[in-house]
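> What follows is each chain in one-letter form.
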Amino acid sequence: EAGVAQSPRYKIIEKRQSVAFWCNPISGHATLYWYQQILGQGPKLLIQFQNNGVVDDSQLPKDRFSAERLKGVDSTLKIQPAKLEDSAVYLCASDAGTEAFFGQGTRLTVV
Amino acid sequence: SQQGEEDPQALSIQEGENATMNCSYKTSINNLQWYRQNSGRGLVHLILIRSNEREKHSGRLRVTLDTSKKSSSLLITASRAADTASYFCATEGYGGSQGNLIFGKGTKLSVKP
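Chains as they are written, first to last, in our numbering: chain A, 1 to 111; chain B, 1001 to 1113.
It is possible that part of the hints are untrue.
For lysine-lysine, the following DSS-like pairs were computed, each having C-alpha atoms within a straight-line distance of at most 27 Å [unchecked claim]: (1) A:Lys-44 with A:Lys-15; (2) A:Lys-44 with B:Lys-1105; (3) B:Lys-1108 with B:Lys-1069; (4) A:Lys-11 with A:Lys-83; (5) B:Lys-1069 with B:Lys-1056; (6) B:Lys-1108 with B:Lys-1026; (7) B:Lys-1069 with A:Lys-44; (8) B:Lys-1070 with B:Lys-1105; (9) B:Lys-1105 with A:Lys-83; (10) A:Lys-11 with B:Lys-1108; (11) A:Lys-71 with A:Lys-44; (12) A:Lys-44 with B:Lys-1108; (13) B:Lys-1026 with B:Lys-1070; (14) B:Lys-1112 with B:Lys-1069; (15) B:Lys-1112 with B:Lys-1070; (16) B:Lys-1105 with B:Lys-1026; (17) B:Lys-1026 with B:Lys-1069; (18) A:Lys-62 with B:Lys-1105; (19) A:Lys-62 with A:Lys-11; (20) A:Lys-44 with A:Lys-83; (21) A:Lys-44 with B:Lys-1026; (22) A:Lys-62 with A:Lys-78; (23) A:Lys-44 with B:Lys-1070; (24) A:Lys-44 with B:Lys-1112; (25) A:Lys-78 with B:Lys-1070; (26) A:Lys-71 with A:Lys-15; (27) B:Lys-1056 with A:Lys-11.
Keep in mind the hints are simulated off the structure, nothing from the lab.
For reference, chain A alone in the conformation it holds in the complex (with noise of 0.2 Å):
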């Protein structure tokens, strides 16, 4: 089955600049994670989507950073604006109630 697909691989923005990422999750996964690991660092949870309701968004710092999933199927993540320290790779998982599969992930440098 194909995997967790995210776009795009690498992002270098400046400073207070906005950027958006995408991922589209395995067909059939009613479940989405947006997950942000900084470098040297485990993945840390930002938001959960069942469906295309939020589950859980207590780690998404709400002043720059926004998630949707219309429909339930894809989902984009917004950062704006962009700070230095927003710099990671930012990875999206989905599940179907059993293990979790995560994408590539797309890499963001914030200069």
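Since the structure of chain A is already known, use the hints to place chain B on it.
Same frame as chain A, but now just chain B:
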């Protein structure tokens, strides 16, 4: 906040040797999972052990869980150069989903041929 703490942070061994990584966590869990991450790539699920299990095997992997000590270990036997990667433990709390996880900082394993 990160729940799991892996130990050691880095491990370098020769091909054929065994590699043991440890993980400690802070709160009660539903299950604990181990993931592998190759450089520049996504996370791959290795094994899940439930809170009522003490040991689990999968191929060359052996995972133990001690809920009284809030710790787990991952043993990779007969290591190969292809096992070179970072390994993360991740915990799922009660009432959570399989992918709603708290990850540790990881152990970087280097297997020399």
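> Are the hints correct? Go through all of them and say.
The hints, checked one at a time:
1. A:Lys-44 with A:Lys-15: Measuring from Cα to Cα gives roughly 22 Å; hence the hint holds.
2. A:Lys-44 with B:Lys-1105: holds, 10 Å
3. B:Lys-1108 with B:Lys-1069: holds, 23 Å
4. A:Lys-11 with A:Lys-83: holds, 14 Å
5. B:Lys-1069 with B:Lys-1056: Distance of about 17 Å is within 27 Å: holds.
6. B:Lys-1108 with B:Lys-1026: holds, 22 Å
7. B:Lys-1069 with A:Lys-44: holds, 24 Å
8. B:Lys-1070 with B:Lys-1105: Holds - the C-alpha atoms of B:Lys-1105 and B:Lys-1070 are around 16 Å apart, at most 27 Å.
9. B:Lys-1105 with A:Lys-83: Holds. B:Lys-1105 to A:Lys-83 sits at ~23 Å (cutoff 27 Å).
10. A:Lys-11 with B:Lys-1108: Holds - the C-alpha atoms of B:Lys-1108 and A:Lys-11 are around 25 Å apart, at most 27 Å.
11. A:Lys-71 with A:Lys-44: Holds, because 25 Å separates the two Cα atoms, which is no more than 27 Å.
12. A:Lys-44 with B:Lys-1108: holds, 18 Å
13. B:Lys-1026 with B:Lys-1070: Holds. B:Lys-1026 to B:Lys-1070 sits at ~7 Å (cutoff 27 Å).
14. B:Lys-1112 with B:Lys-1069: violated, 32 Å
15. B:Lys-1112 with B:Lys-1070: violated, 31 Å
16. B:Lys-1105 with B:Lys-1026: holds, 14 Å
17. B:Lys-1026 with B:Lys-1069: holds, 9 Å
18. A:Lys-62 with B:Lys-1105: With a Cα-Cα distance of about 24 Å, the restraint between A:Lys-62 and B:Lys-1105 holds, given a limit of 27 Å.
19. A:Lys-62 with A:Lys-11: With Cα atoms ~21 Å apart, A:Lys-62 and A:Lys-11 stay inside 27 Å; holds.
20. A:Lys-44 with A:Lys-83: With Cα atoms ~17 Å apart, A:Lys-44 and A:Lys-83 stay inside 27 Å; holds.
21. A:Lys-44 with B:Lys-1026: Within the cut-off at roughly 16 Å; holds.
22. A:Lys-62 with A:Lys-78: This hinted pair holds, its Cα atoms lying about 10 Å apart.
23. A:Lys-44 with B:Lys-1070: Roughly 20 Å separates the two Cα atoms, so the pair holds.
24. A:Lys-44 with B:Lys-1112: violated, 30 Å
25. A:Lys-78 with B:Lys-1070: violated, 36 Å
26. A:Lys-71 with A:Lys-15: violated, 31 Å
27. B:Lys-1056 with A:Lys-11: violated, 40 Å
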